[in-house]
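**Student:** So the chains spell out like this:
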Amino acid sequence: MLEKLTQLVNQARSELTAAQTSEQLEGWRLAYLGKKGALTLLLRNLGSLPADQRPEAGRVANEVKMTLESLYTARVEELRQGVLETELTRGALDVHLPGRPQQLGNLHISTQTLREIYAIFGRLGFDILRSPEVEDDYTNFQLLNIPQHHPARDMWSTFYTDLPGVILRTHTSPGQIYAMRKYYPQPFRVILPGKCYRYEQVSSRSEQMFYQVEAIAVGENITMSDLKGVLTYFARSMFGADRKVRLRPSYFPFTEPSAEVDIECFLCQGQGCPMCKHSGWLEILGSGMIHPQVLRNGGYDPDRYTGFALGMGPERIAILKHGITDIRYFFNNDMRFLQQFA
Amino acid sequence: MLVPLSWLKGYVDIDLSPKELANVLTLGGLEVENIRTIGQDWAPDKVFVGQVVQVRQHPQADRLVLVTVDYGQAEPLEVVTGAPNLHVGDCGQKVVFAIIGARLIDGHAEELRYQVLKKSKIRGVESAGMVCSEKELGISDEHSGIVILPEDAPVGSPLVDYWGDTILDIKLEPNMARCLSIIGVAREVAALTGKRIKVPAARNITVGEPIGGQIRVEIADPDLCPRYSAALIKGVKIKPSPQWLQRRLTLAGMRPINNIVDITNYVMLEFGQPLHAFDYKLVRALPGESTPAIIVRRAHDQETMSTLDGNQRVFNSEMLLITDGGGPVGVAGVMGGLESEITESTSAILLEAANFNYINIRRTSTVLKIPSEAAYRFGRGVDPELTLAALRRSVDLMNELAEGIPASGCIDVYPGKQVPTIIDLPAHEIKRLLGIDLEPAYIVRLLESLDFKCTIMANGAIRTVVPSYRLDVSIPADLVEEVARLHGLDKLRDTLIDEEMPGQQPNRDIELEERVRDILVGCGLSEIITYSMTNLASVACLTPERTMPSAEQYIKLTNPLSSEHEYLRQTLMNTTLETMASNLRFVDRVAVFEIANVYLPAIGQRLPYQPRRLSIGLAGARDIRSWLTNDSPIMDFYDLKGVLETLCRRLGVPTQFEPEAHPSFYPGRAVRINLGGASIGVLGEVHPQVCQAFNIEAPRACLLELDLDALLAQANTDVLFTGISRMPKLSEDLALVVADEVRSDDVARTIHEAGGSLLVDVVLFDVYRGKQLGEGRKSLAFNLTFQSPDRTLTTEQTAQIRARIIRQVAQKYQAELRS
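From first to last, the protein sequence lines are chains A and B.
For the record, in the first sequence the residue sitting at position 75 is 75 according to our numbering, with numbers rising by one throughout.
For the record, in the second sequence the residue sitting at position 307 is 307 according to our numbering, with numbers rising by one throughout.
In short, the hints are calculated from the structure, not lab data.
Take the hints with a grain of salt, since some may be wrong.
Keeping only pairs whose Cα atoms sit at most 25 Å apart, straight-line, the calculated BS3-like set for lysine-lysine is [to be verified]:
1. A/K244 with B/K19
2. B/K171 with A/K277
3. B/K135 with B/K119
4. B/K118 with B/K135
5. B/K431 with B/K171
6. A/K321 with A/K277
7. A/K4 with A/K36
8. A/K244 with B/K491
9. B/K171 with A/K244
10. B/K135 with B/K239
11. B/K778 with B/K812
12. A/K277 with B/K19
13. B/K491 with B/K431
14. B/K198 with B/K237
15. A/K244 with A/K195
16. B/K171 with B/K135
17. B/K491 with B/K171
18. A/K195 with B/K778
Start from the sequences and build out the full structure, keeping to the hints where you can.
**Tutor:** Listed below in structure tokens is the structure:
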């Protein structure tokens, strides 16, 4: 009996090593461990042994059974591993092919620039407010200290409509009046973004429609040094930390004193180039202390309150930042332009 | 304003380079936009002032002469020239002489071309240089003769020293009217550089008969004409002006005409006072009078006159005229009349120097469309104190350059004389507005350099008398500006507002709008911005029949730049389609959106109604083409609906959709977007004929437009956390067969309702129509997900819910389970 068991183990071991497929493996399992398998049959014969041999034979037979079972499990695992390895060698991809294209949309470059402006002024505590694009002459000009037929009107070529006194606003400055009337009598800081319109021949440098952002702060202690500080903060945030900023006396009927703001040309670092017309400086916005009459028109007493206002064009800023050669690209909406700024 | 430096230097000493001066002026508020250098090509060792020593005939050519020129060197040189203004036997003319090696403009070339002068033989005679024309020197296009310089030109001097110049082009804002003259600019230069201005004194010639009995001046409308001064000069000889004067006018941008007209222009440029010269003999007396009369009055309605430019003008009663005894002779401050124009036969000049209401002049010049130099200056404001000085200067020049004999004295009618403006600048005002402390004495010094007369008062205020020419200064803030610009704006501090933080008022409208942009960009859409102005032909293309909308419904621009942009838009749809069409020529996929206002007439309101709209356009392939996505499907109705559903879900807006018959859309492929029972927009596949009208080169286009204000008004972005279940999910499919007309969204809603809270998701994953189902029937296959927040569901529990669902859909829609 013991001999037979030993013989069985040896035979099973060598047959198991020879089994290569899952079918052969299953055949082996049935042949040895199955209900009619060799081991099972042997075990069934245990009863026919003499009683004194039975315990020993039973013990050995059980050992054999466990040995065969663990051999089987190991072989199954070995074969599975082999199959996986074969599969993996066949599964390589062509890693040189491009990946799946993703479709991201993008914001218009004007919107992107507006958002940068919102963020910078937001850090300084400025709210955002809007006022109408189609405006009346009274608010667009007269409340801003620009009477009918005043020579300063030459500064804004205006689109008129067939509604009496109704025009397309030429700047966001009428928003100053709305802001003052909304916040009066509190001190306040807001920016006023939106579309503006000028009756000017469309060219590479001039558009009939464009965005503007007005910033205005009114309070009891606001000075032109605050204006300069805010402008410097803005210019450095927008154009780079080392950018020089220059204020140049200018004229707007609704500010007094008024100043044009230039930043050092970042193409030539102030040395002079065609972009800055060889001046070393780029004009980016107009500004000033709010004219007493305009404060009064907004409801604030100019003897007690002061304020500053400034206005800039996001397209102009984008043109300077990105070296865009023609303002007409902005509203042509050619995807080949818009998607450059994605 | 063009300012030749050589002219400016006559009134103020300048020891700065042109570039430095330009910088000082720019930082002082007179922006120098351009610096033009005259004579930068005239090499000082090659181009000289020369003098003709001898002119003799060229031995080989009738039309050429040989000119010997002294140019200050030991030996004169002989050159060949064909200039028609040099003749055999001439001697002594001052000319421009260029020697071999000079680089000048080719006078014979049509285009601008430089050439270097080489030694050459012309018809057998060697030419050692060239006498030059204006064209060769780059001064003008004149090439018919050579330049003859003034008699006092210094022989041998490099031409650039004698005739070179620098011209500053200064941009003057409307408040800088005082600088529309050389003296005005000189005054600013003096103040900004710490120099004093030098104005030459008039000679006050009084040789002729007194002017008194020879002309009578009356101002009928003194509100529009505060002052009228006049001089009379007889015996003038009309001829070209001398070259120095012509040259100054040319450099300052004006065209020389004759000595009298040139003098009026010259003095205008010098002082800023526009002048007008009448032919005195043509000035008529009033009926029954003998003295010629000038009457300044408002025009009668429909009164007419021909102006100097030859145009017949019709006036209204708002316009001011200069008239004589017989009728209009000039549009006050704008342009003279044709009849009393100076001609070659004029011998006596009535010279006007007047002052007019600037608003009135500006309006007249705008209405009549006459943008003259005089109207430009009067329209911005001229100092009324200027008239006599300008007259005296002109009289001097007419005596000197036209041999005129001035009548003694001037007429000066001055009903509008103003007292000087006095402003008290409070002691703290500089600090209050500028944020810096300046010493009162320093402030006074700055203001006095600009001719303001200052006194420091007991209360510390500075009492300031404003010079008559400072029409732009009337309040303390104006003085603060003068102090700021002279002190230097760069010397202000950089401070951030030292105030209590004002109350913040978040703008939800803008925040939500930006969120819409972000969601749509996340959906793969690109933002576009199109013009607010449109044309009705484009709007008409939105219907297959191209029905023109009624123009009366639209707000129209009265001065559009083009008929393409004539009306304020009421929809974004047409420009969205236009943008899609233009892009589809270059790319095979367009997915765009725009957020913008439309402009609707609002009867009885101050302004039109200007609501925000959103438009979306999709066309072309769904995927960007690649080896993975070749033959991608074309985007359709469901792509666009998916974008809107995503947007609404993200905004928390419960929109609903109803079939819509809309002319712009493919029948049966459009829906109305409903919100709270009201329609807020439309979405669908564009009608093929509309696509065609917009030249959209794609199999189909999808378009949406909605009222963004209405959508955002319902936005619910306040998110409250919901617990997340850790329990297992059970997922089952349910296929229902219903009649074709049963709406899948209704069925889905019923399933949701019947499912209760344990049914956490319902997805319609298949729609099938086929013979087995029978005609007019469809199968809707839903995937149902069940989950409990706190226990493991059993199949028995889900079977109960499922049975309830099946009962209800059977009852409501006669739905049967698909076997």
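**Student:** With a cut-off of 25 Å on the C-alpha distance, tell me whether B/K171 and A/K244 pass.
**Tutor:** 23 Å, holds
**Student:** Is it true that the CA of A/K195 sits at most 25 Å from the CA of B/K778?
**Tutor:** 51 Å, violated
**Student:** Take a quick look at whether B/K491 and B/K431 sit within 25 Å of each other, Cα to Cα.
**Tutor:** Cα-Cα ~13 Å, so holds.
**Student:** Please work out if B/K491 and B/K171 have their alpha carbons no farther apart than 25 Å.
**Tutor:** Given that 25 Å is the threshold and the Cα spacing comes to 24 Å, the pair holds.
**Student:** Is it true that the CA of A/K321 sits at most 25 Å from the CA of A/K277?
**Tutor:** 16 Å, holds
**Student:** Are the Cα atoms of A/K244 and A/K195 separated by 25 Å or less?
**Tutor:** Answer violated: A/K244 to A/K195 is near 29 Å, above 25 Å.
**Student:** Straight-line Cα separation of A/K4 and A/K36 no greater than 25 Å?
**Tutor:** 17 Å, holds
**Student:** Please verify whether B/K118 and B/K135 have alpha carbons no more than 25 Å apart.
**Tutor:** 18 Å, holds
**Student:** Between the alpha carbons of B/K135 and B/K239, is the straight-line distance 25 Å or under?
**Tutor:** 24 Å, holds
**Student:** Given the hint that B/K171 pairs with A/K277, test it: the Cα-Cα distance must not exceed 25 Å.
**Tutor:** Measuring from Cα to Cα gives roughly 14 Å; hence the hint holds.
**Student:** Taking 25 Å as the top limit, are the C-alpha atoms of A/K244 and B/K491 close enough?
**Tutor:** 14 Å, holds
**Student:** Taking 25 Å as the top limit, are the C-alpha atoms of A/K244 and B/K19 close enough?
**Tutor:** 20 Å, holds
Checked against the numbered hints above, the structure violates hints 5, 14, 15, 16, 18; every other hint is satisfied.
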